[in-house]
Amino acid sequence: MAGPLDIARRQKEKSFTPEIAGTIRQWLDPSLLALVQGTPVNCLVVSWASGLPADAEQQQALKPLLEKGRQAGLDFVGLIEAAADKPAAIAAARAAGLSAVAMETIPAGDAGIPIIAWAKSGEALWSANSPILGVADGIWPGVPQEKAPTGGPTNLPWVDSNGALLGMTRALTPDKDVWIFVEPPTKAKLTVANYLLTVADAEAYGGHWVISLDDQMRAGLAAKSAQTAADWKKITDAVAFFGQNKTVRTYERMGRLAVMSNFAEPDRAFGEDTLNMFPRLREPFRVISRTQALTASLDGLQGIFFVDQVAPEPKLREKLTAFVKGGGTLFVRSTWPNPEGSPMQLSSEEDYLYFNIRQFGKGRLAVAKEENPDTYFACMDVQNIMSHRGDPARLYNGASMNYFYQVSPRGRQGVIHVLNYSRLPGSANALIYLKAPYRAASFVSPEIASPVALKWSPLTSAYETGGAELSLPLISVYGAVRMET
Amino acid sequence: MKKYFSRREWLAGTGAAAGYLLTRPSLSFAADQLATPAPRLIARAPAGRVTVGKCKDYGSNLVPALEKMFDQLGGLSRLVKGKTVAMKVNFIGVRWERLGNAPMEETFWSHPKMIGAVVHLLGKAQARRIRVLEGPWSTAETLEEVMLSQGWKPEDILSAAPNVEFENTNYLGRGKKYSRFMVPGGGWVFPGYDLNHSYEDCDVFVSCGKLKEHAAVGVTLSMKNIYGTTPVTIYGEGAGIDEPAIRPQGGRGGVFHFARRAPSKSAPQQIDPNFSKDQGVRLPHIVAELNAARPAHLAIIDGIRTATGAETNYGNRPQAAVNPGVIIAGTNTVATDAVAMSVMGFNPLADRGTAPFANCDSTLRLGEELGVGLRDLNQNEVTGVPIAEARFDFAAIREKILRETQKS
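The listed protein sequences derive, respectively, from chains A and B.
The numbering of the first sequence is our numbering, which starts it at 1 and goes up by one.
The numbering of the second sequence is our numbering, which starts it at 1 and goes up by one.
If you're looking for bench data, these hints aren't it; they were derived computationally from the structure.
Just so it is clear, the structure is predicted and the values come from calculations on it, not from any experiment.
Watch out, some of these pointers could steer you wrong.
Which residues of chain B face chain A? A few of them, derived with a C-beta cut under 8 Å, are [to be verified]:
(1) 94
(2) 101
(3) 140
(4) 278
The C-beta atom is built at its ideal place from N, Cα and C for all residues, glycine as well.
Work the whole structure out from these sequences, hints included.
As structure tokens, then:
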């Protein structure tokens, strides 16, 4: 955020001050490019056109920055908003030597400059012909209203995360890079940990956060504050950490349950909520897009939650019912036509509140009783019907944490990502339980200099066979357990 | 000290409390008289019989230790033969929050081996049907599922005796309607409580708690364990406004601890809307009321392995997993808790301002006023291992942790 266009946009805010305007102007200073030297930041996103009178002034004001940046090997992407004169803005971007522009609708034909799709998540964005998808509706991660904590429906505190958004986007567009755009909240007092979490929340789930700093931090950096510079280094170090560990982006999410959907209307909200709920229920899961479901492997799955109200096409239905016949459990919405199998006789306590259970082959078909069930309760019933017997993994002592589990293509390596969304000090070290522990495990994090070897502890209660636990070091923001057979 | 009790003595001890179920006063008696927590003696409480046993772990010595203790109380078969027994166990709090590495059953929760051992002995005493009950935090999952989530084997409990069942009592469960239990004398906070049918559909009620301190009410033993009988569909933060919710959601803090909301209108409402909102006043009164409304015939407190400092993981309190190696059992919850408090190093006659009731009323005193039992050890029959030999000083552990924390 730099230049006259951003000032014009921000002037509408009540809290806007001359000092903020000064910081935004200062942010155009080419000498500040030194901040990204030697860091993994190799591309800068700038406001380019938004249909305001300040557009031309903005493009003019950016020239020195663009020139010096290009000399330093940096790429620049210009944001073109919906109200802008797009052909003119694209032409200006081309003339100014921008590497690409980002805009909501990609025009037909050759624009003479790469165009990145940049829009709110949804079918239009996901189907865009663009190697990079810019998701404009990311959320600032954390525990909302942490000063007065309230339990979410899960009674673990609710956490805001981009995990669901990225889970959908990655499942639907596995070959594309995903950039998350989210601005820091203007009213909150932020610490560097908030930024580190925003980096980690995007990177761990397979995306990249387009770093955007709050006014105070930008002012500090412009003023060459040593403390702010140290905080900035921590942020870029965290980005570097994930860059060095990018192999895990090729790993598959692991879980005995898969959520299957195209996340298209009218099922977008229910599907996204589902991806938000299962982490709070501590249920590791995979996400399978419906469009790729025919070729997707269902190996290792015990259950599939087909969240779409629209029934699958015949071949997919055939594949799903074969999964049930073979012993799996398929959860479907109430609109599932002509359900297979016959109703199971259950005791009143086993008569689940949100699903009717039907026996089909060796498995079960669970049909939602209501057309629009509460997502949390539906997910809870899914977990209850699946049973905790044989949970592949569990997380203890991490009320404000989410975790997810990935395995390498050949299954020899595993990684468990743990994200702490609370900015309050941790109370106890998290514990990870794995049903099938790997031979070796180590802990890595941007918060520590080198990996720490972890030791498996067989369950002290010794009721469950085969499982073991790992006690993790304190995790302020993010840590990962790397495991090898 | 008397070692064994006759059948007549046993029945006298349990029957006095159970009698209140048959002589519930009307609502109108209570509403205008008991709007404030003024101490008042509702009935002369019965003397209790309490026994203390030592058992270092949950191994093979547990069943013989419990059997000996039940014999010291007059024999289990006298109480349960041919009867349906409901046993409320303790699975408090969010199940994913352990005290360090220690499993839930070795700190805050009833231990599965303890549950299994008691179930086994109830079966051996020819109980007709044994129902293990609990309302685990904010879930309609079966108790089997809750156990499985901790790596337990529920089959071990289900097979410990014939006709063993589990029921999650946090909601309607297998019942068609909730059962209403009125407080003798009308109550201070609520005139009565609506509970899952399981607490009515039984002949014998057992409170199987854990030996713990409690952040809000000082101690949580067999009396406080009964607090968990209240379904959160009615008394939880997500309870229905007019009618009970279908699914349990939220904890009981909003209704019981802080009076931020009322229970579902279908249930008896707070007698005086201006009753204190201080949880140190509210909770002891509510716990005492519940103990009087649904008295236990047998109280068992598992102190083999437990936690000091609080009832669940608070993170910021001086807490430790400990191994007192003690079990306490008795014929009413007040007397049993009194002995347990003494084992923990506290004075059972202590009241507000004195540990462990530094910031709250004594639940035991209030239970005594409602006729549940007597807290003065001299007025109860205490047998088994002398308390002095079983003592495990909870306050000392807490102070030691504080000293070590300050040093570090």
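Here's how the hints hold up against the structure:
{"no.": "1", "hint": "94", "verdict": "holds, 6 Å"}
{"no.": "2", "hint": "101", "verdict": "holds, 6 Å"}
{"no.": "3", "hint": "140", "verdict": "holds, 6 Å"}
{"no.": "4", "hint": "278", "verdict": "violated, 19 Å"}
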